[in-house]
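Student: Take 160 as the starting number for the sequence shown in the working numbering and just add one per residue.
Keep in mind the hints are simulated off the structure, nothing from the lab. One should not assume that every hint holds.
[Unchecked claim] DEER-style ranges, computed between Cβ atoms: (1) Pro198 x Ala173: 36 to 46 Å; (2) Pro194 x Gly172: 31 to 41 Å; (3) Ala173 x Ala200: 14 to 24 Å; (4) Ile197 x His167: 44 to 54 Å; (5) Glu199 x Pro171: 45 to 55 Å; (6) Ala173 x Ile197: 39 to 49 Å.
Predicted model, so just to flag it, every value in this text is computed and none were measured. Using N, Cα and C, we set each Cβ at its ideal position, and we do this for glycine too.
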Amino acid sequence: MAVDPPLHVSVPGAEPEELTAIVMAYQELWPEEKPPTIPEAASPWRFSGRWWVETKTPNQI
160 MAVDPPLHVS
170 VPGAEPEELT
180 AIVMAYQELW
190 PEEKPPTIPE
200 AASPWRFSGR
210 WWVETKTPNQ
220 I
């Protein structure tokens, strides 16, 4: 896999495979910034009641 490094890496005595691994690790730790995305319009929220609450609360017992 050819890696086009966006930075200059200088490691004396490193083989090309080692430089590729260093650049790939760098890109994994610090990925390129992506432009922010605009979320799709959400559907209107509707309250459907508290289905997780029992019909009688502790105060009503």
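Student: All the hints need checking, so say for each whether the structure fits it.
Tutor: Hints, verified against the model:
| no. | hint | in the structure |
| --- | --- | --- |
| 1 | Pro198 x Ala173: 36 to 46 Å | 43 Å, holds |
| 2 | Pro194 x Gly172: 31 to 41 Å | 39 Å, holds |
| 3 | Ala173 x Ala200: 14 to 24 Å | 50 Å, violated |
| 4 | Ile197 x His167: 44 to 54 Å | 35 Å, violated |
| 5 | Glu199 x Pro171: 45 to 55 Å | 50 Å, holds |
| 6 | Ala173 x Ile197: 39 to 49 Å | 42 Å, holds |
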